[in-house]
Amino acid sequence: MPSLLEERTEAGLNSRQAQAAGVRAERRIRGRLARISRGLVGIVALATIWEVAPRMGLVDPYFVSPLSDVLAAWWDLLLSGDLWIHLKASLVRSGLGFGLALSIAIPLGAAIAWYRPVREVVSPVLEMFRNTAALALLPVFLLILGIGEVSKVAIVVYACFFPILLNTISGVASVDQQLLRSARVLGLSPVTTFRKVVFPAALPTIFTGIRIAGAAAVLVLIAAEMIGATAGLGYLINYSQYNFLIPQMYAAILTTTGVGLAINYSLVAIERRLSRWRA
Amino acid sequence: MPGTIAIQAVRQVFRVRGDEDRKVHEFVALDDLHLEVGDGEFLTLVGPSGCGKSTVLDLISGLSTPTAGAVVVDGKRVTGPGLDRGVVFQQYTLLPWRTALGNIEFALEALGGLTRGERRERARDYLELVGLTDFASRYPHELSGGMKQRVAIARSLSYEPGVLLMDEPFGALDAQTRERLQEELLQIWRRTGTTIVFITHDIEEAVFLGQRVAVMSSRPGRIEAVLDIVLDRSNPEIDTRATAPFAQYRHQIWSLLRHSDTAATQLEQVHRVA
Ligand SMILES: Nc1ncnc2c1ncn2[C@@H]1O[C@H](COP(=O)(O)OP(=O)(O)O)[C@@H](O)[C@H]1O
Ligand SMILES: [Mg+2]
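Here the protein sequences come in this chain order: F and U.
Just so we're aligned: the first sequence equals residues 30 to 308 in our numbering.
Just so we're aligned: the second sequence equals residues 20 to 293 in our numbering.
Keep in mind that the hints are not guaranteed to be accurate.
[Unchecked claim] Quick look at which bits of chain U chain F covers, simulated, 3 or more residues with Cβ under 8 Å: (1) 99-108; (2) 188-200.
[Said to hold, decoys possible] Listing some non-contacts, in silico: residues in chain U with all C-beta distances to chain F over 10 Å: (3) Glu39; (4) His44; (5) Glu45; (6) Gly69; (7) Gly94; (8) Glu140; (9) His220; (10) Pro255.
Rather than coming from a laboratory, the hints here were simulated on the basis of the structure.
A virtual CB, placed ideally from N, CA and C, is assigned to each residue, including glycine.
Assemble the whole structure, with the sequences as input and the hints as a guide.
In structure tokens:
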């Protein structure tokens, strides 16, 4: 089995040589198949352990339900329509919060980055906010906004806002100066320069923030829903645990995993689409 | 005349922080610099690294304004960048998210007054001028260094400026590619009739390309001498660089640069002692 070191230092074609020789496609496809099948091996192994360990008494089957029980509970939730109710509640809240954060943080970040003094004044403050865990502020949000929907959406906005804002600021502020010089030489207005040069150049950095925000949206929401909610995946997890519906609890947890994966992969896919121009 | 440039008594001072005393003081990059370039002329500006060549180019392009003196292009004083002047920098100036064709269209969008189709057509014409028709849909990372500079040249010529300013555009290329691009540039210049100011620290490049070579000295940056270059280029089979006149020009400029360099070093020592 070649180690990372051997694999990366092996003599090989760079992308342009590979393209010239027309050998890239073949190697890519074979590499991809191998990768997918190895990944499947890992998943299957995990599923097997989850199923077998409780059944053989290696772990207490009451606290860790075998996978088949969990899947059965998940199927029941799906058929009864409960799953959809809770999933929808969570998706609406996190989607709303994420969307709001996105639409405020990007323009605001761009504006802050545009003027160096502004950037230098606000950056330390923003850095402080970012490092204040959103959940630590949950009691404050509940106090001010009450226990309803508003406080839950607000905490998602908070959690998503700072990663996007700070990445937008750093992406915009670090645009290659040579690109800006060639834009200025063409006599482009500041607005056009921003639209056609600065924003596209900053997009990969901004997207890093967006991906962090996507993960944060789910994480924070689930926790928020465990406190004073009547619907949502977090509520479902907590409720199942209180009522000793352990397989159902795991079913709800698996659903959050699915949501997290779906968000992450769709963001990655969008990012890929937008940055096809890169290697 | 559309492509004339006159640099009149230009002085450019930068505020810099000293290495030793950490205090801000003034650094005279250019002092009393005069230079005239005629319409359709190919002038090369050669000088050691740090003598102020890029500073001169920034002034002509309008990216910066002189502390004193004036830069006049086509009879009008330069106050900022404009599409009457195109600039090709050393590297990293293509938008990486646009194709070769898209990068030229980008400049034409700035020009305005053209439909999408017209921009596309014109961009294709200029890609053809630099011999890259087949690479229209490649992204910059898929192009070699020489191709990228060809696209940059095509982009700067696409809006048909009277003056093309080039700041060591071939400096990052390997020797063979550089020589090919030099020859291509001369052909393009003959075809378009654009005034070209070409900056380089490579004496041979300056002699090979220029109708006139302006030799710059440093600290402060001044034009030391301007040489007329007359080389017989009628026979393409002859390696111009290997001819006796070429070697003479090369040596002449080498001596000028060497002389001004020793003078500058001596001047610096006097300052340090004082
Ligand atoms: N913006 C600036 N601020 C301070 N010093 C500068 C600035 N631009 C150029 N200089 C200085 O002016 C001198 C000439 O620079 P430059 O024109 O880039 O030289 P060249 O292009 O000939 O290598 C150098 O000593 C450089 O350090
Ligand atoms: Mg320079």
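Each hint, compared with the structure:
no.: 1; hint: 99-108; in the structure: holds (count 8)
no.: 2; hint: 188-200; in the structure: violated (count 0)
no.: 3; hint: Glu39; in the structure: holds, 28 Å
no.: 4; hint: His44; in the structure: holds, 23 Å
no.: 5; hint: Glu45; in the structure: holds, 23 Å
no.: 6; hint: Gly69; in the structure: holds, 18 Å
no.: 7; hint: Gly94; in the structure: holds, 19 Å
no.: 8; hint: Glu140; in the structure: holds, 20 Å
no.: 9; hint: His220; in the structure: holds, 19 Å
no.: 10; hint: Pro255; in the structure: holds, 29 Å
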